[in-house]
Amino acid sequence: MTATAPPLGLLAELTHRCPLRCPYCSNPVELTRVAAELDTATWARVFGEAAALGVLQLHLSGGEPTARRDIVELVAAAAQAGLYTNLITAGVTLDAPRVAALAAAGLDHVQLSVQDADAAGAERIGGMAGAHARKLAAARHVTDAGLPLTLNAVVHRQNLDRLPALVDLALALGAQRLEVAHVQYYGWALANRAALLPTRAQLDAATAAVDAARIALKGRLVIDYVVPDYHAHRPKACMGGWGSRVMAVSPAGRALPCHAAESLPGFDFPDVRTMSLRDIWEGSEAFARYRGTSWMAEPCRSCDRREVDWGGCRCQAFALTGDAAATDPACALSPHHALLDVAVQAAADGGFTYREFARAAPPG
Amino acid sequence: MIDAAAIPRLARGVKLREDTVRGRWIVLAPERMFVPDEIALEVLRLVDGARSVGAIADDLAARFAAPRDEILADVTEMLADLSARGVVVA
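Residue numbers (the working numbering), protein chains in the order written: chain A, 3 to 366; chain B, 2 to 91.
One or more of the hints may lead you astray.
Claimed, not checked - Calculated lysine to aspartate or glutamate pairs in the EDC-like style (CA-CA distance at most 20 Å, straight line):
{"no.": "1", "chain 1": "A", "residue 1": "Lys238", "chain 2": "B", "residue 2": "Glu32"}
{"no.": "2", "chain 1": "A", "residue 1": "Lys238", "chain 2": "B", "residue 2": "Asp82"}
{"no.": "3", "chain 1": "A", "residue 1": "Lys220", "chain 2": "A", "residue 2": "Asp281"}
{"no.": "4", "chain 1": "A", "residue 1": "Lys238", "chain 2": "A", "residue 2": "Asp226"}
{"no.": "5", "chain 1": "A", "residue 1": "Lys238", "chain 2": "A", "residue 2": "Asp163"}
{"no.": "6", "chain 1": "A", "residue 1": "Lys238", "chain 2": "A", "residue 2": "Asp306"}
{"no.": "7", "chain 1": "A", "residue 1": "Lys238", "chain 2": "A", "residue 2": "Glu309"}
{"no.": "8", "chain 1": "A", "residue 1": "Lys220", "chain 2": "B", "residue 2": "Asp49"}
{"no.": "9", "chain 1": "B", "residue 1": "Lys16", "chain 2": "B", "residue 2": "Asp49"}
If you're looking for bench data, these hints aren't it; they were derived computationally from the structure.
Here the structure is a predicted model, which means the values were calculated and not measured.
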């Protein structure tokens, strides 16, 4: 067996706390409470271990990462470890002094989410009154601090028609990049799928809008955009392949090959409190289980794209087929591919189940 | 065309770092990274927001004992390419 190549990225989900309640949140349906979160010293050790292992880029995410009181200390620890540090934030908790402190601590880049192009739409989707204006102010603080800004727009049935306005917003805020991220359907988003899946006509209009904007704005704004799974013929190389490029760590310290992997049954994910990142990456069964191609069944096993898309997303395969080792149904070669069309046909305008900490039974 | 008197600097958010684990240098930027080739690396290591394009050419011409005009032409072309890719501002 050849040595396992080290990861390039670490996704640190610092907390599940967030003032927003987006119905497509990628956090697990069962959210981790503050008392179970890793402490400052443990995260700092994890960042040092990550850099020694070969990680180059760190993504500080959540929940809302700035809900951590020690976020400036954590950024400083990441910079100290030599990691290129990216803050993925909703922005509603960022004022000018906080952003300046983060920049001084060595933050390299800010990715700011918006839920829609206008306040009314954004605040209905995000479930927080007053959020949109605070985000616009946060964007200004970021560019004032001299930090590069990416605007991240999560798009779906209820905002996709405003994509041209989202491009205008990215320009107005001084963003260098715009990520147009289609909702991925597991966890909270799967519970809200019928209200979130766009129609084919919406998607075609959005794709045309992106193509036109890319040409018109060449050299001014980079737009990242990928056609979503439910309208695609081939799956995405989820995380660049399981255990291949990225390690995620949950707020409670579980090391995951993908931030949604806790939705998969039959795993005991390694704990960074008791195992080093190197031992987890190179030696754990959880990271080895779907690494490479030897775990694959047909139609992946003999497919000439098996090292292109690595079988797609394990979480989506499990959510839709009940088998985490199945071919991702986003692939037209999957026997379950028709499930996606059925879901698109069944989608309709409607209300949401908002994200919240569990009171009794979670939705699902 | 980039003037010899221009002072190039790395674009906002772009960092040149040594990747000690893999024994190479790497350019890190928001949501991307790439490994510069040998010539790009020599140029990027001299892009410090203080040296002019001409001064970068002087340094490389002396170190590699090569004709300064040829080096200047190569450096100018390299910086134009890196500028088009959003890595440097010149």
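For Lys238(A) and Asp226(A), compute the direct alpha-carbon distance and say whether it is at most 20 Å. holds (14 Å)
Check whether the Cα positions of Lys238(A) and Glu32(B) lie no farther apart than 20 Å. holds (17 Å)
Given hint Asp49(B) paired with Lys16(B) - CA-CA distance at most 20 Å: holds (11 Å)
When you check the alpha-carbon spacing of Lys238(A) and Asp82(B), does it fall within 20 Å? Roughly 30 Å between the alpha carbons, so the hint for Lys238(A) and Asp82(B) is violated.
Is Lys220(A) within 20 Å of Asp281(A), Cα to Cα? violated (44 Å)
Check whether the Cα positions of Lys238(A) and Glu309(A) lie no farther apart than 20 Å. holds (11 Å)
Does Asp306(A) lie within 20 Å of Lys238(A) when you go C-alpha to C-alpha? holds (15 Å)
When you check the alpha-carbon spacing of Lys220(A) and Asp49(B), does it fall within 20 Å? Status violated; Cα separation ~26 Å.
Are the Cα atoms of Lys238(A) and Asp163(A) separated by 20 Å or less? Violated, at about 24 Å.
The structure fails hints 2, 3, 5 and 8 (numbered hints given earlier, in ascending order).
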